[in-house]
Amino acid sequence: MDTNFKHKLLGHMAGNFTCREIAQLVTDYLEGSLTFSERVRFQLHLGLCFACRNYLRQMKFTITTLRQLPVEPVPPHVKEELLQRFRAWKRQSPEPAENPEAD
Amino acid sequence: MHDTLHLDEPGLVRALQSGDEKVFTAVMDWYSGSLLRLAMSSVPSRAVAEEVVQETWMGVLEGIHRFEGRSSFKTWLFRILTNRAKTRGIRESRYEAFGLSASSTGADEGSSLEDSLFVAEGSGKGHWVDPPQAWEPDTPERVLLSKECRSVIENAIERLPGTQRQVMTLRDIEGVSSEEVCNILEISETNQRVLLHRARTKVRRELALYIQENKT
Ligand SMILES: [Zn+2]
Numbered sequence: 006m007d008t009n010f011k012h013k014l015l016g017h018m019a020g021n022f023t024c025r026e027i028a029q030l031v032t033d034y035l036e037g038s039l040t041f042s043e044r045v046r047f048q049l050h051l052g053l054c055f056a057c058r059n060y061l062r063q064m065k066f067t068i069t070t071l072r073q074l075p076v077e078p079v080p081p082h083v084k085e086e087l088l089q090r091f092r093a094w095k096r097q098s099p100e101p102a103e104n105p106e107a108d
Numbered sequence: 005m006h007d008t009l010h011l012d013e014p015g016l017v018r019a020l021q022s023g024d025e026k027v028f029t030a031v032m033d034w035y036s037g038s039l040l041r042l043a044m045s046s047v048p049s050r051a052v053a054e055e056v057v058q059e060t061w062m063g064v065l066e067g068i069h070r071f072e073g074r075s076s077f078k079t080w081l082f083r084i085l086t087n088r089a090k091t092r093g094i095r096e097s098r099y100e101a102f103g104l105s106a107s108s109t110g111a112d113e114g115s116s117l118e119d120s121l122f123v124a125e126g127s128g129k130g131h132w133v134d135p136p137q138a139w140e141p142d143t144p145e146r147v148l149l150s151k152e153c154r155s156v157i158e159n160a161i162e163r164l165p166g167t168q169r170q171v172m173t174l175r176d177i178e179g180v181s182s183e184e185v186c187n188i189l190e191i192s193e194t195n196q197r198v199l200l201h202r203a204r205t206k207v208r209r210e211l212a213l214y215i216q217e218n219k220t
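Protein sequences appear in the order of chains A and B.
Just so you know, we're using the numbering used here here: the first sequence kicks off at 6 and counts up by one.
Just so you know, we're using the numbering used here here: the second sequence kicks off at 5 and counts up by one.
If we strip away everything but chain A, and leave its shape as in the complex, we get:
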């Protein structure tokens, strides 16, 4: 089937999503928040539309890449300062009751 024909077919099937609607619903689809019937219509469109299939794949690729971004480096001085503050906190914080020095 050529692309134009597919689009005409999609257009003629009542209640079908347009490519624009697919782009608008893609997150709801991935999040699993579409109703059953919306999900079926979404997948039906994907089955016939190469462009939207690619769009969904691009979106998934984007999400995967986001997940792999390198950790934000924390400067050593920040950690060093925190350790100092931790030690100060430990000196101040009340010791548990079993500590003989408590009374």
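There could be a bad hint or two in this list.
With a straight-line Cα cutoff of 30 Å, these simulated DSS-like cross-link-like pairs (lysine-lysine) come out [unchecked claim]:
#1 Lys-84/A - Lys-90/B
#2 Lys-129/B - Lys-65/A
#3 Lys-78/B - Lys-65/A
#4 Lys-78/B - Lys-84/A
#5 Lys-65/A - Lys-219/B
#6 Lys-219/B - Lys-206/B
#7 Lys-65/A - Lys-151/B
#8 Lys-26/B - Lys-84/A
#9 Lys-84/A - Lys-95/A
#10 Lys-78/B - Lys-95/A
#11 Lys-206/B - Lys-65/A
#12 Lys-151/B - Lys-84/A
#13 Lys-95/A - Lys-90/B
#14 Lys-129/B - Lys-206/B
#15 Lys-26/B - Lys-95/A
Because the hints were derived from the structure by calculation, they are not lab data.
Given chain A, work out where chain B with the ligand should sit, using these hints.
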């Protein structure tokens, strides 16, 4: 990380409560990068973000005796951070309303988000202006997984309105569940999804432009 310390979460919390320095150092090493990323999406500068991270850890120490494990330790950490960032936001006058103002959520964008992708008028109305192509396997890996590709993404994230950036940071970068994100940012499930959608749509678009330019 809990594994490398041979501690489950209650064990970790008890170790922190008792002032175990080794555990504190390990926990701090493990989570500070994530905290810094979230802080950077919440306050105007990296310097302020670093301070917010420090304040967050102080908040952890102050509150650890009251931690009851009703949320996960990580969620609790992120909540302390967003609260500290809010206080900070008020202190730094540059930083306008942290909450769900139109400019911070991008609520004023409406449905215009997808406008540029589709034909507005005529016989092709509603069709893709430029039908999306397959990125894989046509695009060489050196482009898709390059440092440059990552910085395209980082730059796109930086340009997002505040709350969109926070949601994307938590969901997509840190892998926090949607339920926990709602909890941390105190937003509704629907709101969270809308913000995530806007953020993803924009970041994908930037990535598409970059890949288009570098495909050959
Ligand atoms: Zn389509």
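Going down the list of hints, with the structure as the test:
{"no.": "1", "hint": "Lys-84/A - Lys-90/B", "result": "22 Å, holds"}
{"no.": "2", "hint": "Lys-129/B - Lys-65/A", "result": "26 Å, holds"}
{"no.": "3", "hint": "Lys-78/B - Lys-65/A", "result": "25 Å, holds"}
{"no.": "4", "hint": "Lys-78/B - Lys-84/A", "result": "18 Å, holds"}
{"no.": "5", "hint": "Lys-65/A - Lys-219/B", "result": "19 Å, holds"}
{"no.": "6", "hint": "Lys-219/B - Lys-206/B", "result": "20 Å, holds"}
{"no.": "7", "hint": "Lys-65/A - Lys-151/B", "result": "19 Å, holds"}
{"no.": "8", "hint": "Lys-26/B - Lys-84/A", "result": "13 Å, holds"}
{"no.": "9", "hint": "Lys-84/A - Lys-95/A", "result": "16 Å, holds"}
{"no.": "10", "hint": "Lys-78/B - Lys-95/A", "result": "22 Å, holds"}
{"no.": "11", "hint": "Lys-206/B - Lys-65/A", "result": "14 Å, holds"}
{"no.": "12", "hint": "Lys-151/B - Lys-84/A", "result": "26 Å, holds"}
{"no.": "13", "hint": "Lys-95/A - Lys-90/B", "result": "27 Å, holds"}
{"no.": "14", "hint": "Lys-129/B - Lys-206/B", "result": "22 Å, holds"}
{"no.": "15", "hint": "Lys-26/B - Lys-95/A", "result": "13 Å, holds"}
The structure meets every hint from the earlier list without exception.
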